[in-house]
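Asks: One-letter residues, chain by chain:
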Amino acid sequence: MEEQRVGTVNGQEPTIVAFFCTWCTYTAADLAGTSRMKYPPNVRIIRVMCSGRVDPQFVVEAFAQGADGVLIGGCHPGDCHYVEGNYKALRRIALLKRVLRTMGIEDERLRLEWISASEGDKVARVISEMVGAVRRLGRLDLPAKRRGWDAEVLPHGGPTEALAAAAAPDGR
Amino acid sequence: MSNPTKPQVAFYWCASCGGCEEAVVDLADGVLAVVDAVDIVFWPVALDFKRSDVEARPDGSIAVAFVNGAIRTSEQEEMAHMLRRKAQFLIAFGACSHLGGIPGLANLWDRESVLRGSYSEAPSVVNPEGTLPQESWQEDGRRVTLPAFRDTVRTLDQVVEVDYYIPGCPPTPKLLMDAVQAILSGALPPRGSVLAPDIALCDQCHLKATKPDRLLLASFKRPHQVLIDPETCLLSQGLLCLGPATRAGCEALCPHGNMPCTGCFGPTSRVHDVGAKLVSAVGSAFDASSPDAIEAVLSTIPDPVGTFYRYSLPASRLRRKVSQAAPAEAAQ
Ligand code: SF4
Ligand code: SF4
Ligand code: FES
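Heads up: the sequence lines are chains A and B, in that order.
Under our numbering, the residues of the first sequence are numbered 15 to 186, in order.
Under our numbering, the residues of the second sequence are numbered 166 to 497, in order.
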């Protein structure tokens with residue numbers, strides 16, 4: 015079933031985690047839904063009070079837990095309910111992108127967009143574009159990568175028994 | 166010979182610079198009190214005990230093992246497992262063992278590029294045949310071996326369970342003394358704690374009173390670019406002082422020397438990912454709203470990863486640079 019395929023961490027479909035400001039982009043996503051606009055089902059939307067509430071730690075955590083892309087939606091410049099939360103988001107995301115680039119995570123995996131409550135069509139378009147871009151890059155899937163990185167060391171905590179058994183004279 | 170009535174203590178070093186060993190020596194007169202109270206059974210930098218001496222001891226017979234340095238080679242990993250078995254308390258001593266430290270920045274590269282960089286590309290190296298270290302080599306009927314050099318640098322707790330952490334690059338003598346006393350008297354906080362106050366460094370800094378609530382910097386500066394005013398919070402002077410995101414315990418050693426804190430004590434327990442937290446803090450500390458103006462200010466931070474994760478890249482949520490090659494296969 016489509017439902018199960020998307021979002022399974024080992025599946026081949028990319029997962030996008032989206033942080034949408036409740037005052038604008040989240041409402042626009044609602045509008046896109048009630049207007050029956052079509053966009054790929056790969057996105058998991060998390061509602062936040064403002065784009066300025068999106069701590070860069072949330073973004074890094076989303077990637078660490080298996081997101082292939084992170085999308086942040088906020089009010090247009092000048093329209094933020096908390097006056098300058100979206101400018102703060104702009105500054106943070108610009109710096110976070112530089113950090114991620116150095117860590118080998120491509121720019122296209124993190125996107126910040128201004129989408130007002132009436133722009134349901136823009137929600138659909140941005141999500142479609144981002145899913146397309148991330149699909150072209152391939153999955154990031156950091157949980158699987160971490161398992162690969164750890165293949166070179168003994169399992170954490172396990173070797174106490176393993177080494178003891180190896181050292182036992184009767185070869186237990 | 167070991168004295169059976171005193172608790173046995175071991176010190177070991179992994180991927181480190183030796184500064185943590187120096188911190189033990191820096192106990193100065195205090196070292197005598199330590200030596201009086203404990204029986205040091207292993208300390209490769211100072212005493213002539215062998216690995217086999219430790220192996221011969223019963224499991225759990227060593228009271229405390231202090232391990233400094235990150236885990237980079239198979240030998241370091243084996244020693245960590247061995248000391249874990251022999252010791253009741255395994256303590257990650259210093260930033261490298263705690264968070265990966267400076268050697269952890271090598272997680273921006275991989276095994277091949279590190280070896281190539283060090284053994285053939287470095288300008289000071291002459292190696293026309295491109296000889297690289299091998300794990301095993303046969304010559305004249307003799308076989309020599311070296312430990313395996315891993316693709317990824319790890320913190321101590323990424324290979325074995327760790328009981329306590331003593332932070333710092335290196336830890337201060339006071340912190341080590343306090344830890345030894347806490348262990349000897351049994352007055353220990355919950356297992357897994359960092360043995361330093363869980364407050365931000367600014368709270369121990371003599372410049373805190375001059376730190377404004379809200380910063381509106383126009384650019385960031387590096388210490389060689391400004392004449393530092395020793396009476397004013399360094400961050401408010403545009404120096405990227407990591408005090409607000411760093412755990413206290415050193416009593417603001419660096420700001421006392423007019424140098425911004427670079428974060429060697431690691432974060433407080435409330436911080437989940439140091440670098441991302443600092444991205445957040447820096448994003449709030451300057452005032453620019455157009456993409457061009459933002460880029461102009463950010464360009465004054467030439468190396469964000471090296472600055473924000475200076476001591477903690479292996480402990481970060483991303484851990485290492487993602488490479489396109491499949492690392493699991495490269496490791497075989
Ligand atoms: S100099 Fe650094 S540690 Fe001291 S108050 Fe300012 S930011 Fe905090
Ligand atoms: S001021 Fe910062 S970098 Fe300096 S010793 Fe203290 S924690 Fe470490
Ligand atoms: S309230 Fe929408 S971005 Fe701040």
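Please note that the accuracy of each hint is not assured.
Across the chosen pairs, the derived CB separations fall in these ranges [stated by the list, open to error]:
| # | chain 1 | residue 1 | chain 2 | residue 2 | range |
| --- | --- | --- | --- | --- | --- |
| 1 | A | Pro55 | B | Asp378 | 17 to 27 angstroms |
| 2 | A | Arg115 | B | Phe214 | 25 to 35 angstroms |
| 3 | B | Leu280 | A | Gly162 | 17 to 27 angstroms |
| 4 | A | Gly146 | B | Gly471 | 27 to 37 angstroms |
| 5 | A | Gly152 | B | Leu280 | 48 to 58 angstroms |
Chain B side only, calculated, beta carbon under 7 angstroms to chain A, not exhaustive [what the hints assert, rightly or not]:
| # | residue |
| --- | --- |
| 6 | Glu242 |
| 7 | Ile267 |
| 8 | Arg356 |
| 9 | Lys442 |
| 10 | Arg482 |
Stretch by stretch, here's where chain A covers chain B in the computed footprint (C-beta under 8 angstroms, at least three residues) [stated by the list, open to error]:
| # | segment |
| --- | --- |
| 11 | 319-331 |
| 12 | 399-410 |
| 13 | 444-453 |
Simulated from the structure, these hints should not be mistaken for lab results.
Just so you know, these numbers come straight off a predicted model, no measurement behind them.
Every residue, glycine too, gets a C-beta built ideally from N, C-alpha and C.
Asks: Could you tell me which of the numbered hints above are not met by this structure, giving the numbers in increasing order?
Replies: The structure breaks hints 1, 2, 5, 7, 8 and 12; every other hint is satisfied.
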